[in-house]
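Chemist: Line order of the protein sequences matches chains W and D. Going by our numbering, the first sequence runs without a break in its numbering and finishes at 1043. Going by our numbering, the second sequence runs without a break in its numbering and finishes at 156.
If you're looking for bench data, these hints aren't it; they were derived computationally from the structure. These numbers were taken from a predicted model, which means no experiment stands behind them. Each hint can be trusted.
Stretch-level coverage of chain W by chain D, calculated; a stretch enters the list once three of its residues show a Cβ under 8 Å from a Cβ in chain D:
1) 716-726
2) 734-743
3) 746-755
4) 933-947
5) 956-966
We put the CB at the ideal spot given by N, CA and C, even for glycine.
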Amino acid sequence: MKNSDMDARIKAAFDALELPDSVREKTLATIEGEAKKKINRDCCGADESKAAQALPLTEHVDQNVADSIKQVSPASPASVISSKRPRYGRVVLAMAACLIFVVALFGVSRIGSNPTAFVDIDINPSIELQLNRFDKVIGVEGVNEDGRSVVSNLSLIGLSYAEALEKLTTSDALAPYLSADSFIQVTVSSDNQDQEQFLTSQSEAQLSNLPYRGSCHTASVQMHGEAHAHGMGCGRYAAALELTELDPSINIDDCEKLSMRELRDRIEHCHRTSTDTQSTSDTESNGEESCAENSCMGSESESASTDDARNSDNIHGQRHRHGYGSHHNQ
Amino acid sequence: MDSYGSTVWRVCMTFFKSEQDSQDAFQDTFLKYALADDMTFNDDSHCKAWLIKVASNICKDMLRAMYRGEVPLEDATESIEPVSHDASSQPESDYRDVLDAFRGLDDPPRLPLYLSLYEGYTAPEIADMLDASVNTVYSWIFRGKKALKEALS
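Construct the complete structure from the given sequences, taking the supplied hints into account.
Modeler: Structure, rendered in structure tokens:
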């Protein structure tokens, strides 16, 4: 089924779903009733019940009960406490200490080997770095074929994130994929907000040292998982989703082969086309239709400017915590 | 209610098959609106977004209560007459198919999809309304469209 057919069916179905008059009337009646009750309460005041009179404390104590409480139980013979502790107690204590030590050691090693953050680097190769809570690289994965080719010639495990990012972005393995107009998109995903912020700032610092354009974003770990399920890095996936939304003629698989630069160019074009159409058209048109009519595909003549055009459409500003906050570097 | 009554009604109907349940949710939504004296809206679109969000929260709460058995599920007020699924001969059956397909989705992506496909909200607007990231919204819309297409095909 074509998207346009589905859209038409949805529109027709919901257009036919108007608020029934009976529901409107009943709702208005209910609201009116509640409003009257509220007014009555406000005007007349609550009819407070009289404050309960404090009952006088009874001074009478059941003597029998009191006596039973105060009854002193016959003294039990003092138990003889041996001054000597059994030897096996010390052994048990020592074994317990060893066990705790082993468990703690195991726990620490587990902490060190579990990824707590993921950083996707998308250019055209898409590469994922997995980091532990100490911001050390514990895993490297090429998300697409070019990415796998790049990482096969690199050793990044054990490095700090900053070291790994620098090594990767300045490596001979990545050099063939980088040109003057390349765009490097870094996406940080972590459930730990502090780590996410730290890695973001590290990414920005490294990107600022490179002679290429780039930006750093954050995304939820769930989004990260979805992206990889599609065989894409997070940055590419997010751009692909946006492009397919703006231009329904493109499907998400088409985007897999485009470089980040190409994806961003096409998104920019769709946004500009949408803005131009809205400013000249009298009829209501949404960005998707306008972009599809003008065909975002094949439009590569426009140079990618800054992210201003994209940001201007993000009317609700940048979001840094809930995912996809932008930190731009030119 | 004149401006946004139908919108809120549609939101409720994407959650419930029964008109009675939708009516309860609809009434609760506008009751909250009517009694929210301390609520101020920047503009009409803010008011509409608020109503949509409140309606969806009320519907979800009602569904949760139903699943816990606290509130009995109303019988769907549907005709038991055999209907054709040919949209041209009986468009109402097609409308029902579309609504059923929506109700078959999880939420999200049900509400974001409705807001995108029918109400025409952009992903950033939906993200702001539902307090989610823009790209999460794109993801919801993508998944939702795919699921809807499969259900309607």
